[in-house]
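2 protein chains.
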Amino acid sequence: MEARTEIETLGEFGLIDHLTKNIEFQNASSILGVGDDGAVIDHYGKQTVISTDMLVEGVHFDLMYTPLKHLGYKSVVVNLSDIYAMNAHPTQITLSIAVSNKFSVEALDEFYEGVYAACEKYGVDLVGGDTSTSRSGFVISVTALGEVVPGQFVKRSTAQKGDLICVSGDLGGAFLGLTLMEREKQIFLENPQIQPDLENEAYIVGRLLKPEARRDIIAFFADNEIMPTAMMDISDGLSSDLLHICNQSQVGCVVYEEKLPIHEDARMAAFKFGLDPTAAALSGGEDYELLFTIPQSDYDKLVLNEQISVIGYMTDADAGSKILTKGGNQFKITAQGWNAFKDQ
Amino acid sequence: MEARTEIETLGEFGLIDHLTKNIEFQNASSILGVGDDGAVIDHYGKQTVISTDMLVEGVHFDLMYTPLKHLGYKSVVVNLSDIYAMNAHPTQITLSIAVSNKFSVEALDEFYEGVYAACEKYGVDLVGGDTSTSRSGFVISVTALGEVVPGQFVKRSTAQKGDLICVSGDLGGAFLGLTLMEREKQIFLENPQIQPDLENEAYIVGRLLKPEARRDIIAFFADNEIMPTAMMDISDGLSSDLLHICNQSQVGCVVYEEKLPIHEDARMAAFKFGLDPTAAALSGGEDYELLFTIPQSDYDKLVLNEQISVIGYMTDADAGSKILTKGGNQFKITAQGWNAFKDQ
Chain A
292 MEARTEIETL GEFGLIDHLT KNIEFQNASS ILGVGDDGAV IDHYGKQTVI STDMLVEGVH
352 FDLMYTPLKH LGYKSVVVNL SDIYAMNAHP TQITLSIAVS NKFSVEALDE FYEGVYAACE
412 KYGVDLVGGD TSTSRSGFVI SVTALGEVVP GQFVKRSTAQ KGDLICVSGD LGGAFLGLTL
472 MEREKQIFLE NPQIQPDLEN EAYIVGRLLK PEARRDIIAF FADNEIMPTA MMDISDGLSS
532 DLLHICNQSQ VGCVVYEEKL PIHEDARMAA FKFGLDPTAA ALSGGEDYEL LFTIPQSDYD
592 KLVLNEQISV IGYMTDADAG SKILTKGGNQ FKITAQGWNA FKDQ
Chain B
292 MEARTEIETL GEFGLIDHLT KNIEFQNASS ILGVGDDGAV IDHYGKQTVI STDMLVEGVH
352 FDLMYTPLKH LGYKSVVVNL SDIYAMNAHP TQITLSIAVS NKFSVEALDE FYEGVYAACE
412 KYGVDLVGGD TSTSRSGFVI SVTALGEVVP GQFVKRSTAQ KGDLICVSGD LGGAFLGLTL
472 MEREKQIFLE NPQIQPDLEN EAYIVGRLLK PEARRDIIAF FADNEIMPTA MMDISDGLSS
532 DLLHICNQSQ VGCVVYEEKL PIHEDARMAA FKFGLDPTAA ALSGGEDYEL LFTIPQSDYD
592 KLVLNEQISV IGYMTDADAG SKILTKGGNQ FKITAQGWNA FKDQ
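Protein chains in written order, with the numbering used here: chain A, 292 to 635; chain B, 292 to 635.
The reader is advised that the hints may include incorrect statements.
One copy or two, it doesn't matter: identical chains are merged, so the pair holds either way.
[Unchecked claim] List of simulated lysine-lysine pairs, DSS-like, C-alpha gap at most 30 angstroms:
{"no.": "1", "residue 1": "Lys-393", "residue 2": "Lys-476"}
{"no.": "2", "residue 1": "Lys-623", "residue 2": "Lys-312"}
{"no.": "3", "residue 1": "Lys-476", "residue 2": "Lys-617"}
{"no.": "4", "residue 1": "Lys-312", "residue 2": "Lys-452"}
{"no.": "5", "residue 1": "Lys-412", "residue 2": "Lys-337"}
{"no.": "6", "residue 1": "Lys-501", "residue 2": "Lys-563"}
{"no.": "7", "residue 1": "Lys-337", "residue 2": "Lys-393"}
{"no.": "8", "residue 1": "Lys-623", "residue 2": "Lys-452"}
{"no.": "9", "residue 1": "Lys-613", "residue 2": "Lys-312"}
In short, the hints are calculated from the structure, not lab data.
Pulled out of the complex, with its shape left as it was, chain A reads as follows (with noise of 0.2 angstroms):
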């Protein structure tokens, strides 16, 4: 029988220590960490960036069917992808969390595994934290600091008309991989006798379950110096965040449908569930690929990279937002990315 401590049994600090006490830092400013009621962070001659994200229970993960250890180190990536987004490094991390007290003692160390996973993949130091009791569901907080050489952050407002539109990796496969749980899930609820189908679905479901953040890009960016007049990460799905820069930035844009970088599993997996792929990878949220733009003259510098689709251009606000498909036709990019108020 596997073991199972009650969180009540090393209370909050005891419990704290427990997940905390084999942290080493990375970064050399990390002055202070945990146990106190502050980290210390020095920044000489940097500047700072932060970003905060909340999951929920039943809202953004549905412990069903997603290993804590990789919840663990999801929540830790979608912040990380944030960071990088403003052309930052990651270099802290804090971390709150809500849990009820069905959770043991073993089941936080599993998502701490994960959370220790992608500190140390990306480099980051856990330097705070909180941890309470919940009433219901689990609920992570994680607010990730960066460095970035002063003035050099890229923001969302400041693309140009005329400038390319670009995406790292290749999109829709976390939609594709939710998907694919959720009805695996209904099945599973309707005779749990029936094992899940996830063969030849590996790539989607580790889309979904275990997404990287961009870092590679960034290091090409520094490397080839190249600057992105705007830039973002994919969270609510391509269209609702393309729209974000275009209305910030105060332009219009034209997408290609056959620019749409796609995956084939993730092409064959839409094609099993009678979805289009071009849907998915528009609307499709979650994949924390980038979305930059570039000035025309900047082409060059990144055509060989093959982790880099050009799939557009920036246009005058009045040319409103386009995409041209493979057929010929035209239509206006709406926003059906995922709404966090709606009913799903």
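Given chain A, work out where chain B should sit, using these hints.
For chain B alone, kept in the frame of chain A given last:
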């Protein structure tokens, strides 16, 4: 009839915009705020202190007797208190909330009114956040950043044998306010016709619902060249928090019951409820006063400050942690503070 706007009509981004559109920065270090993947903060020549807290409905607050404006105010203040407890000056906060659809936009406006009131009073800028739906209760997560002159932050682990133990303000009031509100709630639930009897209880109710952070004490330290040897804020109760300093500093302590600062209104409320005022001062949490130690040689510097009480001194760790009662008895101090993981 009062206006009621459904949150859904604004959507997540409309809601964030609605709640944050009037922000004006108060700190030159706030370079970029809400509306991008991250905020940008300058910290040339200073160290950054960061602290985070999560408040959960039904655990940390009861909406039945907590006005939303006060809740917003308190959510900020409890974090600023942690920054002051590091001997630092808060400069920015991020705020994430998860709310159910039963909240209207007007209700959230009230909550944010309190948030902004606290930001204005303490001179901090709200620079980021996340707004999400919740299937059940209201969850609030605040992360505060502050600045400190390099090396001037004060930890919990550096108290020395012989140091004087000091607290700001008075203790036990918030706990007695909570006791009163819980009592009135029970009476109301049993008979909704009976109006709450809060006469003469303004002080303790205020201590519970609208605590303040001790910025004045930090300013007093700077003005009088006082550098505490250790410090923390009293959120879990004096006993529990003092034991943290003792454990982390590897010292013991002696506290004099007669020196504990207890407000006259708190004392009267305690008698009315049949509670021991000393127990309320030792074990009641949420007063957000500062607990700190100073070398005996600094005693003259603070003796004239009526907001500071010297309540005892630090001893060898071997001597344990003791309280000397008015009656001449001696007891071991035990942490009976609030444990977020035990049923209350």
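How the hints compare with the structure:
no.	hint	verdict
1	Lys-393 / Lys-476	both (21 angstroms within a copy, 28 angstroms between copies)
2	Lys-623 / Lys-312	between (53 angstroms within a copy, 28 angstroms between copies)
3	Lys-476 / Lys-617	neither (35 angstroms within a copy, 64 angstroms between copies)
4	Lys-312 / Lys-452	between (51 angstroms within a copy, 26 angstroms between copies)
5	Lys-412 / Lys-337	both (22 angstroms within a copy, 28 angstroms between copies)
6	Lys-501 / Lys-563	within (22 angstroms within a copy, 57 angstroms between copies)
7	Lys-337 / Lys-393	neither (43 angstroms within a copy, 43 angstroms between copies)
8	Lys-623 / Lys-452	within (18 angstroms within a copy, 72 angstroms between copies)
9	Lys-613 / Lys-312	between (52 angstroms within a copy, 28 angstroms between copies)
Hints 3, 7 from the list above are not met by this structure, while the remaining hints are.
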